[in-house]
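Chains as they are written, first to last, in the working numbering: chain X, 151 to 550; chain C, 293 to 840.
Hints were generated in silico from the structure; no laboratory data involved. For each residue, glycine too, the CB sits at the ideal point set by N, CA and C. Any given hint might turn out to be false.
Which residues of chain C face chain X? A few of them, derived with a C-beta cut under 7 Å, are [stated by the list, open to error]: (1) Val434; (2) Phe546; (3) Leu661; (4) His664; (5) Gln668; (6) Glu681; (7) Val684; (8) Ser686; (9) Lys696; (10) Ile698; (11) Gly699; (12) His707; (13) Met709.
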Amino acid sequence: MKASDHVRTELADENADGRAGASDRKNGKTSGLSESSRTEKIRRAILLTILPLLAAILTGGLLILAFGENPFAFYGTIIDRGIVSSSGLQETLIRMAPLLLIAAGLIVAFSAGIWNLGGDGQFLFGASIVGGLAATVSDAMPRGLMLIFMLSMSAAVGAAWTIVPALMKARYGINEIITTLMMSAIGVNLASLSVKVWFLTGEQGLQIPRTRILDVSDRLPTLFGTRVHAGLVIGLVAVIALHLMMRHTTLGLRLNLLGANVKAARHAGLKVSKLIVVTFLLSGAFMGLAGGVEVLGVQGLVRAGFNPALGLVVVPLVFLARMNGWVTIAFVFLLSVLTIGGELATRQAGLPNDFGLLIVALVLIFMTIAEYFEARRVRGERTVWQTMSDRLLSRGRAGV
Amino acid sequence: MDAESTGSVRDSIAPLIEITGITKRFPGVLANDDISLSIEKSEVHCLLGENGAGKSTLISILSGMTRPDAGTILIEGIETEIDSPRQALDLGIGTVYQHATLVPTLTVLENLILGNTKGATLDETEGRRRLDELASILGADVDPNAVAGDLALDEQQVIEIIKALWKGKTALILDEPTAMLAPAGVAELEKMFQRLKADGLAIVFITHMLHEAIEMGDRVTVLRQGRVAGSIGPDELRSEHSERLRDRIVEIMFGSEAPEMGDVAELHVDVLEDHPDQGSLEEATSDAGGRSIGAPILKLDNVSLEASPASHGLHNINLTITEGEILGIAGVGGNGQAELAEVLAGQRRVDSGQIHLLHDGNLQRIDRLGVHARGQMGLRYVSDDRRGEATVGSMSVSINLVLKKIGDAPFWRRHIMQAGEIQRNAESAVENFDIRTPSADTNISKLSGGNIQKVILARETMSNPRIVIHNKPTHGLDVRTMLMVRERIRQMAAEGVSAVVISNHLEELLDLCDRFAVLSKGRVVGIVENGPDAERHIGDLMVGGAVS
């Protein structure tokens with residue numbers, strides 16, 4: 151938990167800074183302080199985001215070169231497919247919807263110091279219930295009502311799947327990393343089983359067991375004549391709302407307090423057990439909603455064994471964004487571009503599909519390294535390089 | 293201490309450690325500003341200074357935790373850069389920190405050889421030999437197989453010292469080693485210092501207690517605002533009268549404010565111990581005894597908490613505190629003080645018994661209420677764990693000031709935070725309590741212990757307190773802040789706000805309180821009124837209670 155404590159501290163630093171900036175603006179102060187903090191922010195953005203991104207692109211390029219492919223062509227394809235081409239950009243935005251909702255679920259949990267790593271199970275429960283019931287329910291009620299009902303259902307089952315880890319944590323202090331991962335393993339298989347047993351469509355001649363298809367006309371509405379569905383809006387609203395909630399509401403402060411220091415939370419009179427359960431339920435609800443949105447917006451059905459395994463990919467992003475909603479949105483966009491663009495780029499270059507993930511991993515690693523050096527700089531410590539060079543130069547003198 | 297003099301003596305008798313021009317700047321603070329001093333063999337070098345004077349930075353530089361921005365360190369005349377704690381240990385410079393560094397679940401021997409192994413296996417035989425050697429130098433009786441977590445605080449400290457000396461015996465640095473010790477433990481520590489000195493070690497010793505510096509130190513250096521404000525050499529320390537020395541140190545510490553600080557009660561009591569014939573103890577406490585006693589405000593009936601392996605629990609505590617009264621909880625630490633404080637604050641539920649608090653004119657039962665509800669009724673708790681419990685280091689001063697009011701107007705309306713109100717509240721607290729902080733938005737972890745204590749005190753005593761529980765309210769504070777805290781407690785009592793003061797320092801309780809309850813193994817073993825014999829009575833009860 152050391153690492154998470156550290157991240158949380160950094161996060162709260164950020165919070166305090168953010169608040170400071172806000173109050174400065176409110177008071178109409180344009181002092182040198184806010185001026186310098188603005189350049190400081192730009193400097194940090196470059197150092198912590200753009201530099202690592204460039205480093206990852208460079209390293210990835212060298213790897214592509216080592217595979218005998220042209221890195222410029224590879225990255226050209228990623229950018230063209232991920233952002234520039236209209237159909238590619240739409241794919242990217244469609245992919246963002248479930249990722250944003252998963253990120254929302256993680257922001258709640260991580261802010262409160264709770265490691266909900268069971269996102270996949272919660273996601274698939276949300277997906278399966280929608281896949282299993284949406285088509286049938288749509289026969290009984292108008293589309294709008296059906297969509298709201300099914301989205302609520304997906305959130306509810308996602309939340310429900312966290313109850314066991316939540317109570318174990320709240321009552322007995324059992325480590326939720328283990329319990330959520332275990333419940334996720336059960337959930338993934340149970341969701342698949344539910345498709346085979348309860349939600350199986352009556353249609354004949356199926357290769358893979360699946361649920362009934364929801365008519366395209368009954369799915370989430372699309373935006374501005376594109377294929378991008380309303381799930382993107384739901385995801386964006388969720389992340390931004392949470393961002394504001396964590397900073398401006400009682401529940402937000404309570405969760406932050408719980409995450410920062412449980413002892414202090416108890417001292418301040420918070421009902422720690424209740425808060426833990428609330429955190430789990432909220433987190434699970436967003437995970438389930440992510441599953442619901444993916445089925446209602448894109449898939450229209452769920453096949454047995456369906457598991458996009460998005461839960462863990464988002465974890466490092468949310469941490470690197472320090473649970474900041476806006477930064478999370480930017481990171482999720484980047485991840486989507488790299489995955490959508492990467493799918494085509496790897497295929498064209500004849501590289502394994504996992505190569506796209508490799509680029510994502512490189513970005514994450516370089517961002518983490520940048521964070522490390524920045525944190526050391528802030529604490530006024532010397533870098534590894536400085537220490538090493540000092541050692542080499544002053545070996546004789548230091549070895550008294 | 294200038295270059296000329298050091299140059300001439302280098303060949304003959306270079307100081308063991310000579311620090312020249314050490315400067316360290318942290319964002320917004322010049323923690324060490326051109327500090328020069330020398331640490332000699334077989335000497336106890338006391339570092340004095342208020343919180344934030346730069347003592348901790350200086351020792352963290354010496355122990356390799358922090359690198360100075362400028363300045364040099366000469367060890368036996370050779371310029372040396374201390375890059376890491378490991379290197380400091382290799383140089384024989386060991387540090388004992390305020391916080392425990394032992395792994396509580398491991399044995400003493402395991403703790404010591406951990407991190408000092410060569411290769412993959414633990415060399416127990418060699419470890420035992422080294423432990424015996426160091427224990428005999430210290431004159432301590434150490435069981436290598438005892439589990440570290442089971443040891444008392446002073447026993448743990450001996451292990452910490454042995455651990456610090458494990459790699460080599462050049463210098464031993466101790467950061468406020470006496471803060472958590474009972475008087476007997478302090479005497480024991482002093483004996484160890486003598487033996488280490490005889491062995492040729494240099495000891496650097498940080499303390500807030502002037503009398504300890506005068507009694508134990510061979511050399512005293514006072515830091516003020518990151519600079520060396522002055523020092524007193526061995527000759528003067530040996531020859532001068534302790535009262536004159538005290539005046540000198542106070543003058544160096546506070547400069548022009550010295551006369552005002554000279555009246556510090558803690559200093560009087562300490563000096564009195566040297567001259568028991570003067571007997572002005574009554575004088576120091578007379579103002580406390582003279583207050584009129586009002587109606588009962590807090591009442592405990594048979595309050596009990598079950599004992600556990602880690603705690604004595606509480607057993608049938610019956611206490612009544614009246615309006616404007618200051619009740620002291622005396623006793624050796626770990627005898628139920630923390631449990632009592634938490635039960636009163638509402639952080640812990642009683643297993644049996646009742647607690648009543650005066651509210652709306654009558655005594656209302658509160659033992660089922662939470663922290664927030666009790667706080668609103670005017671019962672407040674100043675925790676002794678400033679950084680770990682009472683505040684959240686990663687949050688701003690202004691938020692820490694309202695942590696116990698989450699959801700309450702005017703700081704929140706319809707669950708939405710009112711940043712302006714919180715800011716205003718913080719500004720008034722900063723002003724009224726003289727909190728030294730760059731701004732109200734600064735993270736509280738960046739503040740010194742004394743200023744954190746002021747934040748906590750502000751939070752707990754602003755907006756109509758009725759009774760405040762103070763757990764070790766001045767622990768680890770510099771004289772100025774300590775005075776301010778005590779004055780605040782007295783002043784509130786004069787306004788009718790009661791206080792329960794828990795402290796390990798009897799002189800503090802004698803200075804502040806009207807009455808004392810002596811705790812031993814979770815029981816109240818006696819109630820003593822403050823007066824000429826109070827100290828002796830309490831001492832008897834503490835000892836008697838411990839024996840039974």
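Outcome of the hint check:
1. Val434: violated (30 Å)
2. Phe546: violated (29 Å)
3. Leu661: violated (10 Å)
4. His664: holds (4 Å)
5. Gln668: Since the shortest Cβ distance to chain X is 10 Å, the answer is violated.
6. Glu681: holds (5 Å)
7. Val684: holds (5 Å)
8. Ser686: Interface hint status for serine 686(C): holds (3 Å vs cutoff 7 Å).
9. Lys696: Holds, because the Cβ-Cβ distance from lysine 696(C) to chain X comes to roughly 5 Å (cut-off 7 Å).
10. Ile698: This interface hint holds because 5 Å falls under the 7 Å limit.
11. Gly699: holds (4 Å)
12. His707: holds (5 Å)
13. Met709: holds (5 Å)
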